[in-house]
Amino acid sequence: MIVDSAIYRKGRRAETPGDLSDALAQCRASSDDAFIWVGMSEPTAEEFDQVTSEFGLHPLAVEDSLKAHQRPKMEVYTGSLFTVVRPLTYDDARARIEASELMVFIGESFVVTVRHGSSRIPAQVRGRLEHDPKVLGRGPVAVLYALLDAVVDAYLDIASELQVDLEELEEKVFAPTGGAETGVAGVIYSFKRQVLEFRRATGPLSEPLARLVAGTVPYLSHETKPFFRVVADHLARANEAGDGLDRLLSDILAAHLTQVGVRQNDDMRKISAWAAMAAVPTLIAGIYGMNFVHMPELRQIWGYPAVLALMVTAVTYLYFLFKRRGWL
Amino acid sequence: MIVDSAIYRKGRRAETPGDLSDALAQCRASSDDAFIWVGMSEPTAEEFDQVTSEFGLHPLAVEDSLKAHQRPKMEVYTGSLFTVVRPLTYDDARARIEASELMVFIGESFVVTVRHGSSRIPAQVRGRLEHDPKVLGRGPVAVLYALLDAVVDAYLDIASELQVDLEELEEKVFAPTGGAETGVAGVIYSFKRQVLEFRRATGPLSEPLARLVAGTVPYLSHETKPFFRVVADHLARANEAGDGLDRLLSDILAAHLTQVGVRQNDDMRKISAWAAMAAVPTLIAGIYGMNFVHMPELRQIWGYPAVLALMVTAVTYLYFLFKRRGWL
Amino acid sequence: MIVDSAIYRKGRRAETPGDLSDALAQCRASSDDAFIWVGMSEPTAEEFDQVTSEFGLHPLAVEDSLKAHQRPKMEVYTGSLFTVVRPLTYDDARARIEASELMVFIGESFVVTVRHGSSRIPAQVRGRLEHDPKVLGRGPVAVLYALLDAVVDAYLDIASELQVDLEELEEKVFAPTGGAETGVAGVIYSFKRQVLEFRRATGPLSEPLARLVAGTVPYLSHETKPFFRVVADHLARANEAGDGLDRLLSDILAAHLTQVGVRQNDDMRKISAWAAMAAVPTLIAGIYGMNFVHMPELRQIWGYPAVLALMVTAVTYLYFLFKRRGWL
Amino acid sequence: MIVDSAIYRKGRRAETPGDLSDALAQCRASSDDAFIWVGMSEPTAEEFDQVTSEFGLHPLAVEDSLKAHQRPKMEVYTGSLFTVVRPLTYDDARARIEASELMVFIGESFVVTVRHGSSRIPAQVRGRLEHDPKVLGRGPVAVLYALLDAVVDAYLDIASELQVDLEELEEKVFAPTGGAETGVAGVIYSFKRQVLEFRRATGPLSEPLARLVAGTVPYLSHETKPFFRVVADHLARANEAGDGLDRLLSDILAAHLTQVGVRQNDDMRKISAWAAMAAVPTLIAGIYGMNFVHMPELRQIWGYPAVLALMVTAVTYLYFLFKRRGWL
Amino acid sequence: MIVDSAIYRKGRRAETPGDLSDALAQCRASSDDAFIWVGMSEPTAEEFDQVTSEFGLHPLAVEDSLKAHQRPKMEVYTGSLFTVVRPLTYDDARARIEASELMVFIGESFVVTVRHGSSRIPAQVRGRLEHDPKVLGRGPVAVLYALLDAVVDAYLDIASELQVDLEELEEKVFAPTGGAETGVAGVIYSFKRQVLEFRRATGPLSEPLARLVAGTVPYLSHETKPFFRVVADHLARANEAGDGLDRLLSDILAAHLTQVGVRQNDDMRKISAWAAMAAVPTLIAGIYGMNFVHMPELRQIWGYPAVLALMVTAVTYLYFLFKRRGWL
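Protein chains in written order, with this note's numbering: chain A, 1 to 328; chain B, 1 to 328; chain C, 1 to 328; chain D, 1 to 328; chain E, 1 to 328.
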């Protein structure tokens, strides 16, 4: 489905193109840096066909654009530069990262963006650029820059959110009273999966950005390179954050395992202490439950209270002994 | 054993070659891009001998083709390009990856495919290509492309199936009631072995594909390079999936270990709570089982019911105490 | 906020510049290597604006300078060399590394330093350089050197402090009586986080320093290269220290986990030994508590003391048995 | 000690050389590709001296040849190419890899092989080559090839044997009834040591073989390169196998650890179930052992059998309860 | 402090230099490859000053030489080649590696060695070289070679000693009766620290040696290169040994952890078996301790011995049951 389609002249939105082929020829002929931007969402092969032929997109890139589940990458074809990125959104409630996909073709006087999934980045970026004619006036490459910038900035935001979640997890795991709940290992594992998803989006994007910074792809002007450098720099931070999260989660899992062991030992000591405090009076009671004829204590009037007192004393003594040793 | 053998002209199956030597000379002389495709399955040295000499295959590559257990690789010999790949199939019932082997020789006007194991890919690809004269018309390199494409697509399918299995495993491990069964560690380990087998097939194939994309091997035309780029891209996804599975399985094993510890602690607490609830009335019974002459309670008519009531009260109190602390 | 601003001539502090633009023109025209050094702290966009335009700083670098949370990096812009470093301080009491940020622009006859956070390094370095005209006389690049040197030396100091903390942790973990406290895993984890923070500052700085050593950035003179080599060397040591700490902390956590297991086993044995020592006399008492009419021992005058003696003997025997086996 | 020494002409064993110096001069002068092959076993410095001087071997290589414990490597000296490899044998009974060492000098018209340890590869290869004049006729480089081929093929055989051992270990560890024996961790560790020994032999050999394949060392002819490529390919498989074994052993150890935890929990539950089944009748017996004067049940003729029945019922109930919950 | 200082002519010790400056000029002028070797130990800045100025050492290298805690490295300065190595000694009794430091300047006709710590290598090497005029006659570079060779050979010796210690540790950990002592984890950790110290000395030295082998530093002659190749080879072995030790120690720690778990399970079973053997007769005694009026057994003359026999039978039965199941 074509979501939006417009001709931009001097960085300002002009008319909606009627026939793409005519519009393209006209843009290329014009002297005011005009270009067409076609935005599509999960197009069918039929919908895509026209765009493909008008703009001369490469069949392989078109095939990639029709199917989701592509890796982030950049490919140079005759007549167009094809880029795939994975915009991410973070569903805080479910602590789950959602990946969508965005394919961008830029060429002489045209941009085609194809979106798979629910990412609002193409629409947001178009809106923002339409209020910034200075940037938009630089042409298709500025659109690519703005899209990559928006996607990578979203990565940094998600990295921050994950960081906050990590801190909550840390508090939960290392709280003096907690840390041995059944679900914690599952939470950490699920967190690791999200981080893996995160890195799956950020990691492979490094190589395309390095090529944009190095300027080894077409359609770049000299003055746009520093902008891509900034994006590359942000991506490096996102990658670093993903890497750090991954390591810390491994560490937290290892620490949690140790804590479970310590907790178990603590519980075992506590349980044993109470068991000992029951065993001693039981033993005493057992002794005075023996049926010997000649047990002088049994006849004494003070026998019973004395034994009860002995029991209480023994239990009290054990209680403080264990208390002092930290078993209780 | 020669499974199938045919001459292709302009991308269409023509006659079955009689004498290979004559047919090859004729193909090379013809102006219609004709080529011979010989498909073999676990050939004996004798069966292979004729093909070898007619097509001028290198003895070392022939030796490799006769024995299975080769690594995926690509080697350039005078007169032919030799490629080894490991097609995989996934036996879902046994959760086991089966590897077969496929050797491909391409040269001027000929393709020889040698299959070890039960992979149906050579037959499927031949069938598919015979319905696609446009592709097949590009000659031997198109056959190589189609085979690699089919093999790598199968990798992606298997990666998806493994992903599904992983999710089932996750549910099993992190289910609130489960997760401490004896067999889980064995299942995870066996899964890791399958992933290793998977990576053993996908990993070493990167280098041959990189060479095909870079165009540093013979028999490639300029227009076939983008196609190999797509295959390389899919392989990169397969490799990434294998890598991700491997990490997640390590994480799942670590999480499972932690869970076993937590489960053990939970069980220990539950057991101890019940033990305490038995120990207290046992102690009380012991006390009133003592044989002191002067134990006034023993003579009271309400003594026995009172003690029973005390026991019930103590047990009830402990029950709620442990309940509140989450030990039961 | 502009913290300090001065013109330096022949390595000595001269007047405070009135108008930056005039001062810069004058410095560039002068023959005495004069340069302006403007030091700012968390400047607002407005405060920064003037500096930006006078010195011709690149808008992207300026944007980076206004926001904290940059990665250490070095970028070459027309007219200036932009460097970001992360000075660290170590709060020993809270065992926490605090990172601030320092951006340095050097260009022809000017230095601009921008500080985020509480690092006192820019002020200290300015003070030190003002007493060392020989170094300061080399111009802006000497300021960059001096700042990097101070930052990296602080890394080495922090590495030493972390080393000391590690040794304290080792003593705590491997003390014969200790090692199973609840908090240790949390302490190790928190230590790992600090080391990660440390490496986040030191790691990405390697690349800028390698470029300074290789001399592939502008504003370097041949004789300043060896100085950057020293800084790079110190940074390599800091990186190595961070790496070593990270590994040792992983090892310590693994060793701690093992120790928790050993400790638990020791405790279990000790508890069991005491339980056995209570169970045996309880059993004996149970036997003589049976109500058989014909139990000859019960009638003997020595029966009761003999059984008591038997109990004591059994317990004593068990005590020494367990002692000898190391269970007590 | 010189084990064997012969002159080979046209790939066939000719006379045993009398004086090495004369023989070498004669071989070099002859037109029939004659060369001398001297095979030594743990030579003393004296024994080696003559060979050294006659063949002009480099003192450093000679020093290396006299001492065992060299790393696999290849060094080019004036007049000779020096190669060190570590042939391995596998003692299946003791599950132990034995490493020996083999040094090979090749030069113009001579081969010197020096063996440390009990490897039979030099003798086997000489025997095999003497029956294969076609290969041997290619001269010294063919001997080097044949030796490397034999050594690397032995690596592959050992890798297969280790694979079989791994499968036995897997069965042992993951058997439903087993897996918690005391010795298993030790067996896995010892296996890892063998794999390390294996990799110590195979790993460093990659670099010499890469140089042989690239043809950057002297004494190679163009037609021998593909042969070394085969050896390099086999070595890559051996390296891959070693790597895979190493990972799987780490995984098996981790899985084993988890299983020990699961087993412990199972045992704990089983033990606790039986303990509960003893505690309940003990408590009942305790209650009816109390000495209250007014316990009406005690006087009933059905009291005793009723209580016994109660005990049996309680135990039976608990038994089935625990059975149903999987604790027994 | 200057430890030793001499002029060497034709590889033989000649006079002790009076004035360094004159001596140096004279050496340089002489035709007999004369050179001065000054050996210092922890020199003060003052002591070093004279050497610095006479030999034209670079101030940064001098600064490095005055402070210990340098990383192994090699730097080329105008007029001298500066090398830092970390000689190691192994204190077997305390199982601790001691690192000292050695700085070497070589230049035209001079060598300056600076030692920090107690390493006896400079003195030993000087002594050895003074008896080997052939080597010493090659001048300053021969001294550098001899020092590096001695340092690296000491690494190999230490690697052997660590290997022996590892084997002792293995025996201790995997002994059937041992392996669960409290201290073992601490011993393994401390061993890992030593290995880290070892690798800190050997690892960074690879790069300087690679440069010496490649011949990209001054003062090397063509014939000295093979010697440095030998040293580089030995260093590679030391690095490999360090790497192997590190891995094996990680493995041993993991195996030890598993063993602790197995041991704990074994102990738990044994304890439980004994507890069961006490619980059964206690239960029986409890039953016959009940006060029912109608318990016919109590009146039988054989009642008491029969119950005792029942108890003994039950315990004996359980004993053999547990024995057969391997719990005892």
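Quick caveat, the hints were computed from the structure, so don't treat them as lab data. One or more of the hints may lead you astray.
Identical chains share a label here; the pair holds if one copy fits it or two copies do between them.
Claimed, not checked - In silico DSSO-like pairs for lysine-lysine, Cα to Cα no more than 27 Å straight-line: (1) Lys172 with Lys10; (2) Lys323 with Lys270; (3) Lys225 with Lys323; (4) Lys10 with Lys134.
We went through each hint and held it up to the structure:
Taking the shortest alpha-carbon separations for Lys172 and Lys10, neither the intra-copy value of 55 Å nor the inter-copy value of 59 Å comes in at or below 27 Å. With identical chains, the CA atoms of Lys323 and Lys270 are at most 27 Å apart both within one copy (10 Å) and between copies (17 Å). Taking the shortest alpha-carbon separations for Lys225 and Lys323, neither the intra-copy value of 69 Å nor the inter-copy value of 65 Å comes in at or below 27 Å. Within a single copy, Lys10 and Lys134 get their C-alpha atoms as close as 8 Å, which meets the 27 Å cut-off; across copies the closest is 44 Å, which misses it.
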